[in-house]
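Using the sequences and the accompanying hints, generate a full structural model.
There are 2 protein chains.
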Amino acid sequence: MKKISRVTMGMDKVSNTPIIFLQVENTNTVVPIWIGPCEAGVIALLLRNEVFERPLTHDLIGNSIKELGAKPLEVLIDEFKKDIYYAKLVIEKNDSQIVYLDARPSDCIIISLKNNIPIFIDENIVNEHGIDISFIEDENEEHIKKDIENFDIDELRKRFEGKNKKGDD
Amino acid sequence: MKKISRVTMGMDKVSNTPIIFLQVENTNTVVPIWIGPCEAGVIALLLRNEVFERPLTHDLIGNSIKELGAKPLEVLIDEFKKDIYYAKLVIEKNDSQIVYLDARPSDCIIISLKNNIPIFIDENIVNEHGIDISFIEDENEEHIKKDIENFDIDELRKRFEGKNKKGDD
Chain A
1 MKKISRVTMG MDKVSNTPII FLQVENTNTV VPIWIGPCEA GVIALLLRNE VFERPLTHDL
61 IGNSIKELGA KPLEVLIDEF KKDIYYAKLV IEKNDSQIVY LDARPSDCII ISLKNNIPIF
121 IDENIVNEHG IDISFIEDEN EEHIKKDIEN FDIDELRKRF EGKNKKGDD
Chain B
1 MKKISRVTMG MDKVSNTPII FLQVENTNTV VPIWIGPCEA GVIALLLRNE VFERPLTHDL
61 IGNSIKELGA KPLEVLIDEF KKDIYYAKLV IEKNDSQIVY LDARPSDCII ISLKNNIPIF
121 IDENIVNEHG IDISFIEDEN EEHIKKDIEN FDIDELRKRF EGKNKKGDD
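Just so you know, the sequences run in chain order A and B. Residue 62 in my numbering is what sits at position 62 of the first sequence, and the numbering runs on without skipping anything. Residue 1 in my numbering is what sits at position 1 of the second sequence, and the numbering runs on without skipping anything.
You may find that some hints are simply not true.
Rough simulated footprint, nothing fancy, chain A against chain B, three-plus residues with beta-carbon under 8 Å [unchecked claim]: (1) 35 to 45; (2) 56 to 63; (3) 89 to 96; (4) 104 to 114.
Don't read these hints as lab results, they were simulated from the structure. Computed from a predicted model, the values in this text were never measured in an experiment. Heads up, the beta-carbon is just placed ideally off N, CA and C, and yes, glycines get one too.
Structure follows, in structure tokens:
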């Protein structure tokens, strides 16, 4: 397993689909994972440190786990099969027993960012699907910054805060 | 607390925002709650009994709770404050202790539908925000059916399944 040192996000302009880039620690290699627009919205807000008054869906996962005396430990992205990535959310119970929960990488990455737990990815996946980004290293930050800004943050905030109408959720 | 007997969904054509209608048991009263598009997508798929191969975000909540030896018990929509509804997801631990988790109604309603647990709503909220739907009773089913169909289900499926590209989540 390889540790992920940075999570960034961009848009696949061809399919107009959000992509998460998982950078492998101490390398210039990123693994791209195409994700859904809802999960991308949550990640975009997290990467911009946006704060919400009400618990969002993934907060409810973290809060459930903690209220039941357990804690999120780490995320494993450990399989790639028929063009889909598979992940596990690893939880430690209060008796130190470890629980592995089958999950989508996007949910796991959000939980990792919210709870500050590490993400590990299978070495074979990195070898097979990793992309060397050395050639764009210099402009990388700017590029990523611009990509994140492609998400309409005001629109996203509105979606999650939902404070415009009487009787919002 | 009043029990909810039916959850349906429509679109607020003015604000182009999805609305959940919670029908109070043995009455013609519904309480409307405006929700976000992502949560609406999940609820639309649930109301149409769509099944997915991978666990979606709210499945991960249910799975976390169950793997930790607890079970979702009920949902309480118990407060309305500054134009926002507040809810609690009630969980029963394996030692019978009850845990109340602060949550948004939309997340709770999805968990209720997925886990077949009851929803209760505060009587004052029903009195203040309930709408009598007797006058549309006859065409209600058709109306609701049509509203749900306003959601582009193919688009929604694509979002959640995400099977079109290599490296999907």
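8 Å C-beta test of the region 35 to 45 of chain B against chain A, three or more residues: holds (count 6)
Chain A over the region 89 to 96 of chain B, status - at least 3 residues with CB closer than 8 Å: Answer holds; 3 residues pass the 8 Å Cβ test.
Residues of the region 104 to 114 of chain B with Cβ under 8 Å from chain A, three needed, outcome: holds (count 4)
8 Å C-beta criterion, at least three residues: is the region 56 to 63 of chain B covered by chain A: With 6 residues in contact (Cβ-Cβ under 8 Å with chain A), the coverage given for the region 56 to 63 of chain B holds.
The structure shown violates none of the earlier numbered hints.
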